[in-house]
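Novice: As a plain string of letters, each chain reads:
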Amino acid sequence: MQRPDHLPDFSNPPLDEVVLGVQFAPVPGYTSVHSLKVWELFQNEFPKIQEHPVLEPQFETFGGANVQAGPTIHVGAPPAGSRLWFLSDDENHLVQFQPSRFTTNWRRQANPQPYPRFEGLSEAFENNISKLAQHLASEFSYDMEINQAEVTYVNIIPVEEFSEAGDWFELWNGGEIEIEGLSTSFNEVIRGEDGKPFARLNHRIQSVFTVDGKNKAFSLSLSFKGKPHGSDVSSAMDFLKFGRDAIVTRFGKITTEKAHQHWGRTE
Amino acid sequence: MSVEPYDEEEIIEGDTIIRRVPLQQLVWDSNGDERRQRISKGLNSKSSRPKDGMSVDIEALMVNDNVDPTEYVTTPVFHGAVSFSAAEIRALDLMVGYDPIKDDSDLPDNPYHGEVWKKTEAKRFSGAQQKGLRDAARWYVEIEGVELK
Amino acid sequence: MNVQTQISTAYQDEIPNYRSEDDFITTITTARPQVRVMNPNSSWFKELEGRFNELTSLPRGWDGYNGIPVSFSCALFAGNLIERLCVNSLPAPQLVPMSDGTIRLEWHMNQFDIEVDVLGIYDVFACRTDLLSDEEDEIEVQMDFTELSNWISELATDRIGALAQVGG
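Those protein sequence lines, which keep their order, are chains A, B and C. Under my numbering, read the first sequence as residues 1 to 267, first letter to last. Under my numbering, read the second sequence as residues 1 to 149, first letter to last. Under my numbering, read the third sequence as residues 1 to 168, first letter to last.
Okay, chain A solo, but in the shape it has when bound:
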């Protein structure tokens, strides 16, 4: 897969994390004893393992008098079971699995491992999700029904002061205001060729600190979530590619020319 030519490209983007994920109908009959066999599918590449709480189902809906504020309702007692993280040795890459979700993350770490680009990540994701789908089909007679997909890019932009927001974001013109902290988030509804909504592009800008509190940065997160046109892996991959396009194009538009020069924008 080649990177589309029309997308803005940067030699040194502030990219800190990329997430590709799908949600699917829960696997019937799956229990935690089956997790070892799932790990064995990925163990060679992801030898480290961690356990985390499961994530509740998410879905994007539209219309109605009330704006969707996020998953505010949870029906049923908190689910048992784990969300398993399988990590690579260098911990740049991880795969997350629970019986209703599969996600892959690339995270910038202290090591100099380069960002493998979306093309590399998505190819690996497709291979892994296909491997998982085959495993679930043979072990549980389960045909994976994907009902939600997500691609997220998280950028960390170091700054001296938060008042610099206007230097980095076209959205912000704070003038001479001394900004102590900034937090803003908004959604754009994405429509298909038929005019019907099928996804959201969530924008989130937050002022953040390093753990020691000494250094400041902005976190710019762009997240594309929604329902692929079909429930199979191929439809999910089409959705993720479309989402990546939307995110990278939007990133180019909401950040400033000055920022682009800093990040080495190539034409």
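Every clue listed holds true.
Lysine to aspartate or glutamate pairs mimicking EDC-like chemistry, simulated, CA-CA at most 20 Å apart:
id : chain 1 : residue 1 : chain 2 : residue 2
1  : B       : Lys123    : C       : Asp137
2  : A       : Lys196    : C       : Asp123
3  : B       : Lys123    : C       : Asp123
4  : B       : Lys131    : B       : Glu88
5  : B       : Lys131    : C       : Glu140
6  : B       : Lys51     : C       : Asp123
7  : A       : Lys196    : C       : Glu147
8  : B       : Lys131    : C       : Asp137
9  : C       : Lys46     : C       : Glu106
10 : B       : Lys51     : A       : Asp143
The hints are simulated quantities; they were obtained by calculation from the structure and are not laboratory data.
We have chain A already, so just place chains B and C on it with the hints.
Specialist: Same frame as chain A, now just chains B and C:
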């Protein structure tokens, strides 16, 4: 469901087909002059699994076994039931057949259980079929103060 | 005699590893609510919390046959729908469980019957009957509830008054 959908020849047109009415499927209707309680049209729905149907009890099988149908369909506590004739069901382009419940670890056996099926696989009965069943229904065990429709 | 044992499976089949409420692993038990509302926005959902609890805990065979409790995913999606559609001046929908674990939302007022079948995530079928004109509309909804929202809004309109003014 353990049986493939089919239409049972032994069930003749005049046979009574019973559908239990759980209290969970009663609704309040504020249309009309007074607020009243009635049966939800949802009672006349099939399972959304394409090959599954709508559960019923076959009166003739109970009678053959010397079982009192009125007592059977309200034991231990099922408050009411409606009935249709097999002819009325078939007039809606539906099928009715035997589907006994047996050896289910979670449910008691019900040898008189039957199923009403669509002739083709679908998630729902059509609106017309649901309405038709509602219009054909009569009380078999009436719930006091509740209207049929 | 037709004996039903009280077995509650709720939505456990959908989320494996969940212990059923009948499982006495410990003698120390605490009441666990079935519905956890983190940031409740709508009056409708607050009103319906108890009903959701009830429907997701129905015992197997609750309908006299092989009925199962309302599934976790249907309840969650129905809850999402309710949050989006809520109009404070209107009564909350009535929730009706279906034998297969799906759920139906119903309104019967203002000379309308609205019935919304939530068959699963992104799988909703809605029907509206106008009792004044005898017209019936049916829509399938996956993600966009706009038309359904319009139906709900019309529940609040003064139809009888308007009809009287026109001389109907």
